Structures are given as C-alpha cells and as structure tokens.
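A.B. asks: The residues making up each chain are set out below.
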Amino acid sequence: MLLIDVVILVVKIIVVLHIFLIGAAYVVLFERKVSAWIQNRVGPNRTGWRGSLQSFADVLKLVMKEDIVPAQADYGFHLLAPIISIAIAIAVWAVIPFADAFTIGGKVIVPTVAPNLNVGLLLLFALSSLGVYGITLAGWASNSKYSLLGGLRSSAQMISYELSMGLSLVGMMLYMGTLNITEIVQAQGGSWLGFIPRWNIFVQPLGFLIFLVAAFAETNRAPFDLAEAEPELVGGFHTEYTGLKFGLFFLAEYGNVILMSALMATLFFGGYHFPDVENWAFFKQHDVLRALLQFGALFIKTVALVFFFIWVRWSIPRFRYDQLMNLGWRVMFPLALANVVITAIVVSVIQSH
Amino acid sequence: MATKTVRTGEAERLSFWEKLYIPEIAKGLGLTLKQMFQPKFTREYPEEKYIPAASYRGRPVLVQEDYGERCVACGLCSRVCPAIAIEVQAAETEKEKERYPVKFEINMLRCIFCGYCEEVCPEEAIVMSRDYELVFEHPEDAIFGKDRLLVPVSQLQDRLEFLRQYKG
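Protein sequences appear in the order of chains V and F.
Position 172, counted from 1, in the first sequence is what our numbering calls 268; the numbers after and before it change by one each time, with no gaps.
Position 165, counted from 1, in the second sequence is what our numbering calls 178; the numbers after and before it change by one each time, with no gaps.
Please keep in mind that the hints were generated in silico from the structure rather than gathered at the bench.
It is possible that some hints are incorrect.
Said to hold, decoys possible - Distance windows between CB atoms, simulated:
{"hint": "1", "chain 1": "F", "residue 1": "Phe50", "chain 2": "V", "residue 2": "Ala197", "range": "39 to 49 Å"}
{"hint": "2", "chain 1": "F", "residue 1": "Glu57", "chain 2": "V", "residue 2": "Gln168", "range": "53 to 63 Å"}
{"hint": "3", "chain 1": "F", "residue 1": "Met49", "chain 2": "V", "residue 2": "Trp425", "range": "32 to 42 Å"}
{"hint": "4", "chain 1": "F", "residue 1": "Phe50", "chain 2": "V", "residue 2": "His382", "range": "52 to 62 Å"}
{"hint": "5", "chain 1": "F", "residue 1": "Lys40", "chain 2": "V", "residue 2": "Arg146", "range": "30 to 40 Å"}
What the hints assert, rightly or not - A few chain F residues that don't get close to chain V, going by computed Cβ distances all over 10 Å:
{"hint": "6", "residue": "Pro36"}
{"hint": "7", "residue": "Pro52"}
{"hint": "8", "residue": "Lys53"}
{"hint": "9", "residue": "Glu57"}
{"hint": "10", "residue": "Ala67"}
{"hint": "11", "residue": "Lys108"}
{"hint": "12", "residue": "Met121"}
{"hint": "13", "residue": "Cys124"}
{"hint": "14", "residue": "Val148"}
Computed from a predicted model, the values in this text were never measured in an experiment.
Where is the CB? At the ideal position from N, CA and C, for every residue including glycine.
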C-alpha cells in the first residue's frame, strides 16, 4: 500500500468519525426540538442561534461531571461496557457507502472506509449484534438490580429482534444476489418506466416494514425502549453511570439511530442515488460535484428517517414486555420467514424463465 | 371435565384493523404531526413577562405617600408574621403622639408571601405587590430595608383598589 493510499484512508476515517460525532450531537438537539414541537413547546433556544450549540453545552456538562463507580461494581467491566457500545456504533460506519467514486488529480477515491467488502451485510450484522454486549455488561457490572433488569431485558429483546432483522434482509439478498453493500446501492440506481426509482422498498415492502420495526428494537428506542424504561427501572442499564461514561452510552444510542437510518436509506431507499439528476451530463463531467450531490441525497434520506425515529418515539407508548416478545416471535418472525419464502419462489420463477 | 376459557380482554373488543396495529399507529403519528404545526404555548419568559392580576401576592412593600410612609410603626405586622421575617423599630416624630419606623426590614428569604402583614395593617401601609422577580446573590442582599420596600402609592393603586373591594 502506497503512502498516498494510507493518507486517503486516514482522511476518510477522520471524516466518517466526525460525521458520526457531530451528527449524533445534532440528532440530540433535533430530538429535543421535535419533541418540543410535538408537545406544543419551543425547545432549547438559548444556546447559540436557536439553540444550535445546545448539544455542545450538554457535552461540556457531561465531561465536567464526576465519574462515579458503585463500590461493589466490577471496575474493569463497568469501564468496558460504554467502550464496547461506542466502538461498535462507530465501527459499523466503515461499510456505508457515501457516494460514487470520484477522481482528484488522477487518483480514484471511493468514499467508503471499507469499499467493496463482499461480506458487507454479514459484517454489519455481526457488529451490530455485538452491541448487546455493551448493554448487558453495563447492567451486570453495575451491581444494581435496576441496571441488571434493564440489561437482561435488552439482551432478550435484541436477540429476539435480530432474528427478524436478519431474515427481513434475506429476501433482499436473494433478489440482489449479493451481500456487498456498494453493489446493492449501485443496483438501485436508475428507474423503472422512467419515473419509479429502482429502490428496494418497492420490491421488498414487507421486508422494509420488518426491518424498520426491528431497527427500533435494535436501537432500544421507543416504543421498544424497555432497557431504559424510566418509569420502571430508573434509568435501566445506565442507572449507575455518570459523566463521560453515561455520555458514551448516550452518544452510542444516537449514533445507532443515525446508523440505522443511514442503513435503511442505503438498503431500501436507493442509498446515495439522487434519481435522474445525477445522470445529467454536467455531473458526468464533474464527478466531485456528483459525489457531493450524492452525499447530499444520502444526507436528506437519512435525516428524513431520523425524523421518523424521533416522531415515533414521541407518539407511541412503550410496549409491555410480553407484548414485545409476542410481537417479536409470533408476528415478526413468521412474517419475515414468509417474506423469504415468497421472495425465493418469485426469484426462482423469474430466473427459470 | 374440559374447562371453558372465557376471554374478556381488551383484545376481544378490537376489530381486525385495530389488531393490525399499523393503521392505528399511523393515526397516532398523524395526530402528533398535526400538533407540530399548532401554535406554541411556551411563554418566552425574560422577553415576555407575566403580569399578574391585582389579587396576586408578590413581595410585600410599604406604601409611600407624598409626606412619607404611611406606616406608623405599630409592629402588628411583625407580630403576626408567621415566618418572623419582619423587624420594625419605632421612633417618635416631631408631631405629638406620632411615630414612624426608623428601621423596617423584611427578610425575603423568610417571607412566605402569606399576606398576613397586609391583612393586619390598620393603616393600609404594607401591601403585597406584583413583583415576583426576587433574586439574591448573598443572604445579606435578601434583607430588604426601607430603601427597597418603599413604593409610591401611585404604583399600588390596583392592589389598594382590590383590597378595598374584597378585604372585609
């Protein structure tokens, strides 16, 4: 590997890391604003222009707080739990493609940290299912009943919904014939009949619905936020966390929200493709501008889905635990299986003709 | 003997579409989306201040007439105050049989805004004002002397009117 390649890789990693961190900070603000609007309030508007610096003030507050570890807690694991959560939330960004390849000074740059990974989707699932370790470990290491209950709830919940989540994408994999996320996105360019974009959501609506619900459960967000469940479990798995360690959990939660939104945009809404406009002759000549346009398209789709996440959180009450398990095992799982079977039949019929 | 289970749950009364969740969730989401564009209820406080009605019991003040304060330093307010917040020291004036408060202090950290001082006052000299913005940086700042308690009668007309109408 040449030095220039290493430099490009490092730059890509830094850019992606900052997208994650600043994105998470602004999603927190966005969530507070949207929740305020839904409740006929104004929301934070004192820090900076219309509250635009609120998240940074919050981070500053968290950094300056005392770091408390319960006396009977296992210090090592107590420290490890938030690190696992945040590391996984960041690591998964490696496989998200942000735009088509472009050239600067004769050098082709692919705006993905790990481009053309042929096990992309599998890696993604492997990493995101590790996220449960962070939360369960936090509950276990805190040596507190509430934390433990929260941690165990979330581990049961995430294992149940991971199944449906994985199965919901099997249909799409069969249809696409690849696990490579870059190829999946590239296959979604163009349109049918000239006006319907070739997005996977039109091929796999049921798969998308299952993935959407499972994504809510995976990120531990309302209506599936049983791991935190403020009225029942104080704070759930992060009850015994303060300061920056709590901040890391917080960041990981919002990072996961953005990640899941970006993933849904990538897998079901055509990823970075901007229908029609990106095929203009102007953008064919200026591929750097095209990359920016495509990044903008992905950004808009992701923000729309993040808004949906927040909107749902402030509209729908929390599920009861048995309802959650019922929905996961007796509704979502059979539906996902049916989706796989139907897709498999349709795909094999089409291929045999 | 086979037992017959009677189910009288919420689920029994729901129709097919309600059991499907999704239309109901869409309805709920529609409601919250509609709320997002409704007018806000928030009063942006420091810019837009709340002006209370005349019946509001803000900080107690002494009524100042052109000739000076109405207070005759009888000490009833100090006596009735349940929080022991008022301290009055009387002195003689040049006129015969008349007194005035040489020192009148209300500890605003002790005051509970009950309005007993106002009720007991025979001269209508101490009344509750509309002022609710009371911030101190030191406990000493919270002891209000005559300099801060005296308010011209013209600013207290609403309250005096209210007292005349309802105080019986």
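A.B. asks: Please go over all the hints and tell whether each is borne out by the structure.
C.D. replies: Verification of the hints:
no.: 1; hint: F:Phe50 with V:Ala197: 39 to 49 Å; in the structure: holds (42 Å)
no.: 2; hint: F:Glu57 with V:Gln168: 53 to 63 Å; in the structure: violated (47 Å)
no.: 3; hint: F:Met49 with V:Trp425: 32 to 42 Å; in the structure: holds (35 Å)
no.: 4; hint: F:Phe50 with V:His382: 52 to 62 Å; in the structure: violated (39 Å)
no.: 5; hint: F:Lys40 with V:Arg146: 30 to 40 Å; in the structure: holds (31 Å)
no.: 6; hint: Pro36; in the structure: holds (13 Å)
no.: 7; hint: Pro52; in the structure: violated (7 Å)
no.: 8; hint: Lys53; in the structure: violated (5 Å)
no.: 9; hint: Glu57; in the structure: violated (7 Å)
no.: 10; hint: Ala67; in the structure: holds (29 Å)
no.: 11; hint: Lys108; in the structure: holds (55 Å)
no.: 12; hint: Met121; in the structure: holds (27 Å)
no.: 13; hint: Cys124; in the structure: holds (30 Å)
no.: 14; hint: Val148; in the structure: holds (17 Å)
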